[in-house]
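Taken in order, these protein sequences are the chains called A and B.
Those letters in the first sequence? Residues 1 to 124, per our numbering, in order.
Those letters in the second sequence? Residues 1 to 329, per our numbering, in order.
It is worth saying that the hints were derived from the structure and are not from the lab.
Every residue gets a Cβ at the ideal spot worked out from N, C-alpha and C, and that includes glycine.
Some hints could be false.
Label-pair distances were calculated between CB atoms; the ranges are [as the list claims (entries may be wrong)]:
#1 A15(B) x T91(A): 45 to 55 Å
#2 E283(B) x K38(A): 42 to 52 Å
#3 L317(B) x T91(A): 37 to 47 Å
#4 R11(A) x D240(B): 35 to 45 Å
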Amino acid sequence: MIKSLDPRITRAEIELENPISPLKDLDQWETYEVFHQKKRGDQHMHVGIVHAPNAEMAMLFAKEQYGRRGMSVNIWVVKTKDVLTSEYEDTDMFDVTEKLYREASGYKVMEKINKYKKENKNKV
Amino acid sequence: MYGNAYIDPNDKAAAIIADEDPVKLAEFESRISRGEKIEPKDWMPKEYRKQLIRMIEQHAHSEIIGALPEGTWITRAPGFRRKLALMAKVQDEVGHAQLLYSAAETLGKSREAMINDLITGKSKYSNVFNYPAFTWADACIIAWLIDAGAIINQVANAKGSYGPYCRALDRICTEESFHLKYGHDNVVTLSTGTKIQRDMVQAALNRWWPPIMHFFGPSDKISQHTQILMKWKVKMATNDDMRQQFLNMYVPKIWDLGLTLPDPALKYDEQAAKWTYTEPDWEEFKRVINGDGPCNAERLAVRRNAEERGRWVREALISKDSKYLVPLA
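Model the full assembly from the supplied sequences, consistent with the hints where possible.
Here it is, written out as structure tokens:
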């Protein structure tokens, strides 16, 4: 039995030689991705993962792991396996060819107005 | 908390990257030199993955084992506020372990495999936690100076190249600043208190000084291997540089409290612009890290006990449709 400086450990009556069988797969359960919102009005943001046996416990662990300093107002958890992700090697799918027509800066109305005013100075 | 990445000085640089695809390697290295982060599913050299897993895993184990010497004083912390603060700190450390295990998992080693390697003694953790906390003052010195060392290490590593590790470290460093302040406050209280309190904190400091000097590890042999890992931003600073930084920041603060350090050779050399000190006993360091320290056996027995006694609960909760996937980030 361990006689420890820590009274809690002495009380737990632990053998010094206590070989155990290795942890099996899924001993630590599957993972959930955790999202939190810092304050009302903000977007939810991914903050990390928790290991949990079900969604309710994932929520409990997420609150403890990511929300224990009052830095969240809302938390979402979702199973890792339920998230469909794009691949970094496909990042080129976000590359754009010339697409100014979908940007505000693609429309030069003042230039047209000024040109019109200049050309028709005497008439207006 | 934790020490620095161990690099085998006998590994030849050429052998490390010999069978890597040169085009992919060049892309990988140029991404790092541009200051971009590597993410879990990116291509990476085998040696990069291996060293990061080892480093992050050891860091995680250190957090979880480090909770044991500190936890020793929870039941006897002087006063209710300090008891609450110590419980909060210990909870933070265990939380840090969870964040770090998650970061290591993204590289492909399961949490079960990491825990198995810890409890069988295959994986290492920071050597300082193999020493006992005899008095309340030991717990205070740990909270102040071991956490100070950890912050130096973690701030450096947070600028590394692996995204998930950097993100975990950013979160950890924020919490460590509370630990450091809490530890400093406790040490100041003892140092400015009665003679019994001063004697107690001085005795604790004398006991902890050698492990603190060991904390960052022995001097690095500057090998090509080290250089590659520094280029890949796996290792961010040499062990000696971090030790110097620690001495620079904390020796004046210790002396300021009228405490002394048990090394007559310790002084700042103005000309060389660095601290000189008696070389730590690296034989003792090796002996303790290989299992023969005052608390190694107890620490692992306690950890095994926790896994074993909690196993039936974890097993009872596994649902039939659960399936493990490597976490995303």
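Hint check, failures only: As far as the earlier hints go, only 1 is violated by this structure.
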